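*Asks:* Sequences are here, hints too, so could you generate the full structure?
2 protein chains.
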Amino acid sequence: MMIYGPRETEQAAKIGEAMKFRGVTISTAESCTGGGLSACFVSVPGSSSWFKGSAVAYQNEIKKDLLGVSEEILREKGAVSEECVAAMAEGARRIFKTDMAVAVSGLAGPEGDGSDNPVGTVWIAIALSYKTKTKRYLFKGSREHIRHLTIMEALSMIWEEII
Amino acid sequence: MMIYGPRETEQAAKIGEAMKFRGVTISTAESCTGGGLSACFVSVPGSSSWFKGSAVAYQNEIKKDLLGVSEEILREKGAVSEECVAAMAEGARRIFKTDMAVAVSGLAGPEGDGSDNPVGTVWIAIALSYKTKTKRYLFKGSREHIRHLTIMEALSMIWEEII
Chain G
70 MMIYGPRETE QAAKIGEAMK FRGVTISTAE SCTGGGLSAC FVSVPGSSSW FKGSAVAYQN
130 EIKKDLLGVS EEILREKGAV SEECVAAMAE GARRIFKTDM AVAVSGLAGP EGDGSDNPVG
190 TVWIAIALSY KTKTKRYLFK GSREHIRHLT IMEALSMIWE EII
Chain S
70 MMIYGPRETE QAAKIGEAMK FRGVTISTAE SCTGGGLSAC FVSVPGSSSW FKGSAVAYQN
130 EIKKDLLGVS EEILREKGAV SEECVAAMAE GARRIFKTDM AVAVSGLAGP EGDGSDNPVG
190 TVWIAIALSY KTKTKRYLFK GSREHIRHLT IMEALSMIWE EII
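Here the protein sequences line up with chains G and S, keeping their order.
Taking the working numbering, the leading residue of the first sequence gets 70, the next gets one more, and so forth.
Taking the working numbering, the leading residue of the second sequence gets 70, the next gets one more, and so forth.
Don't read these hints as lab results, they were simulated from the structure.
For clarity, every value in this text was computed on a predicted model and none was experimentally measured.
Warning: the hint list may mix true and false statements.
Given that identical chains are not distinguished, each listed pair holds provided it fits within a single copy or across any two copies.
[Claimed, not checked] Below, a list of computed lysine-lysine pairs in the DSS-like style, where the Cα atoms sit at most 25 Å apart:
id, residue 1, residue 2
1, Lys-209, Lys-146
2, Lys-133, Lys-146
3, Lys-200, Lys-83
4, Lys-133, Lys-89
5, Lys-83, Lys-166
6, Lys-166, Lys-133
7, Lys-83, Lys-202
8, Lys-202, Lys-133
9, Lys-166, Lys-209
10, Lys-209, Lys-83
*Replies:* The following block contains the structure:
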């Protein structure tokens with residue numbers, strides 16, 4: 070039932086220290102994690118100095134209207150795609166005016182979305198001013214487990230990027 | 070470390086059933102819970118039919134730019150105020166185009182915000198087309214405990230409103 074625990078909070082605190090040291094800020098755009106990554110950042114006392122906010126875009130309409138993912142990407146590539154998650158991260162970076170933004174979009178199940186993606190497919194993107202990096206994962210397990218693993222991997226990707 | 074558990078997920082599932090039955094949708098705007106309320110909704114399989122998204126507005130700038138909370142409210146009443154949380158809920162309802170929106174803004178500590186509000190002060194608002202309802206709470210305990218209690222109370226307020 071837990072989508073983040075003590076290990077993730079500790080990792081988020083380390084990320085926060087590095088962010089503060091470098092004077093950079095972060096925001097998130099979340100689909101399948103539903104705000105869990107953001108909640109993990111906010112669990113760190115004083116996080117408001119480096120974490121600016123999150124857009125939980127659980128429906129395509131919101132990905133489009135709020136984050137600016139194009140109609141074309143959603144129609145041709147789908148919500149669980151490299152193109153969509155990259156556009157979500159770039160959109161979050163723009164609306165929250167942060168140095169860095171991380172986005173996740175995946176299929177946590179139990180049901181699929183009618184596309185070719187198996188349940189457990191998750192895309193994670195990190196957007197910076199000069200690049201957007203994406204990674205694809207295929208996780209196994211329950212809905213909560215897939216969401217937990219997504220948060221763990223997103224934290225690792227951010228850590229790699231800032232150290 | 071857990072800001073929502075099995076009890077809250079069960080409550081969220083009940084809310085989802087009632088929402089589906091009535092054909093209504095919900096969105097959230099969160100400050101101190103940082104997306105935890107939203108993550109709790111997304112933990113319910115199939116929640117995309119009634120939960121549309123969340124704006125985690127952890128900084129005043131985002132409350133203003135994304136949710137449309139006025140400069141005046143933030144300056145004169147502060148982020149942890151009835152006026153601010155009501156404007157956040159109304160803003161979420163507008164940007165996510167939902168029938169109902171719930172907003173939370175509070176001081177989870179460990180430090181205060183320099184205002185008269187003691188740590189543990191939390192405002193929760195529910196916006197509907199014809200009314201916006203607000204409640205004030207004063208919770209005791211750790212940062213995580215205050216955030217957990219906030220999620221519990223927000224779920225209760227939503228439940229009261231839809232049954």
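*Asks:* Decide, hint by hint, whether the structure agrees.
*Replies:* Verification of the supplied hints:
no., hint, in the structure
1, Lys-209 <-> Lys-146, "within (23 Å within a copy, 48 Å between copies)"
2, Lys-133 <-> Lys-146, "within (13 Å within a copy, 33 Å between copies)"
3, Lys-200 <-> Lys-83, "within (23 Å within a copy, 43 Å between copies)"
4, Lys-133 <-> Lys-89, "between (31 Å within a copy, 24 Å between copies)"
5, Lys-83 <-> Lys-166, "within (22 Å within a copy, 37 Å between copies)"
6, Lys-166 <-> Lys-133, "both (18 Å within a copy, 13 Å between copies)"
7, Lys-83 <-> Lys-202, "within (21 Å within a copy, 39 Å between copies)"
8, Lys-202 <-> Lys-133, "within (20 Å within a copy, 30 Å between copies)"
9, Lys-166 <-> Lys-209, "neither (34 Å within a copy, 34 Å between copies)"
10, Lys-209 <-> Lys-83, "neither (27 Å within a copy, 27 Å between copies)"
Hints 9, 10 from the earlier list are contradicted by this structure; the remaining hints agree with it.
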